[in-house]
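S.K.: Sequential numbering of the sequence shown, starting at 71, is according to the working numbering.
Hints were generated in silico from the structure; no laboratory data involved.
Check the hints yourself; a few may be wrong.
Straight-line distance between alpha carbons at most 27 Å, and here's what the computed DSSO-like set of lysine-lysine pairs gives [claimed, not checked]:
no., residue 1, residue 2
1, K381, K203
2, K261, K323
3, K501, K415
4, K380, K132
5, K259, K344
6, K203, K261
7, K415, K132
8, K381, K406
9, K259, K356
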Amino acid sequence: MLQAGFARLDVTPPLGSFVAGHFRDRFAKEVLDPITLNALAVNDGKETVLIISADFLLILMKNADVIRNIISERVNIPAQNIMLCCLHQHSSIVLGENVLGKSRRSTLQDRAYIDVLYRKFADVAQLAVQDLKDAELGTAILPTEEPLSFVRRYVMKDGTIATNPGGRRGEIVRPCDEADNNVRLCRFKRKDGNDIALVNFSTHADTIHKELFSADWPGFVRRYVEQDLESVSCIVTVGAQGDTNHVEFMAEKIRDGYGHTDHMGRVIANSVLKMWDCTEERTVEKITSEIDIVYNRTRTEGEERYDACKKLLDDYHANPSDIDITILGEATRIVKLRNQTIYQKIPVTVINMGDVGFVGFGGEPFTQYTRAIQDACPDRFIIFSCCSNGGEGYLPTAKAFEEGGYETGSSPFSPCLEEDCVQMAVTLLNK
């Protein structure tokens, strides 16, 4: 008999912590809403898996490995059965490999908070496992009643590719792709009446641009689902969002800010409400989980420009100015080359629950990844999650590497990345 359990803990960082996600320095002065850990435990009678979503920009793979091992020891399940999914809010923090060593501008430095946070990951896992109750799994998929996600990469009149071209809106020809506006739902219908909703949607959580902590639109989704559905706990994961955000730059009016965050949560929750009583029942006799690594050769293009790029970044951080993010992104990648290994590692995590598959990439995959994997596994219901068990950078398509732009310019990976990542996910789904 399938069992499912849920837990949530508030882990809001101390004020004054670095708010990650922008090139400019930001330090938290206020909390708009709590930063939380949300855990879903599922057991098939033998194996237990954990999906933990964190309201963080990202956790680098080395740190995620440490956290999964701590959880594994606490709840006595294999580390490979644990998927840590960051929701990639640009109004939260980064856990990076050097947080306790050499200073790193965008990573958390508070040793006392980090020590407690690692224990909180184990706590939320333990509480979710202790909450396991008999359950049935149902799934559904439905587009939002209005588009909320838009491809943020645009072909411009001069033939170049621009990301978030706010100041050049009159030069836009078309977006480079079409966003995924589907809401995916897994309903764990528990016999005690306290159900669990896993809700998945794909777009950047970057509506808030100030010195504020917020869970952005995923926080509002949780809030509205739990408000509208009695005795339901909600966990959110964010899908393939590396090339999307909430702004349609070709529209007459730009929708942004905390009010739009609220609106996004309401619209996504409305889709959940429509699907709630008409999910397709899924038979789960066995649960499996596996993590494998894609090794991708580090992209060294531009290394001869190290000195110029280092000066550009030093000057920018000393006196921030309006520099195109494509230039900043590429300069950052080139400067990091001095400390890079020959190969980059991207973790791919797959949890199989019968014909339902949860696929997590340790970075920010483009929308095409979702289509390619779903096309390869047409009979499966698949939930995709970004920044899972790692946050190693943008995961562009081969086509995007040819096009150029911010995401590819800042990505440390080589163009064969898409093929290797998709194939790895499909292989694990079919095991």
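S.K.: Work down the list of hints and note, for each, if the structure agrees.
M.R.: Results of checking the hints against the structure:
no.	hint	verdict
1	K381 <-> K203	57 Å, violated
2	K261 <-> K323	47 Å, violated
3	K501 <-> K415	22 Å, holds
4	K380 <-> K132	26 Å, holds
5	K259 <-> K344	16 Å, holds
6	K203 <-> K261	7 Å, holds
7	K415 <-> K132	11 Å, holds
8	K381 <-> K406	13 Å, holds
9	K259 <-> K356	18 Å, holds
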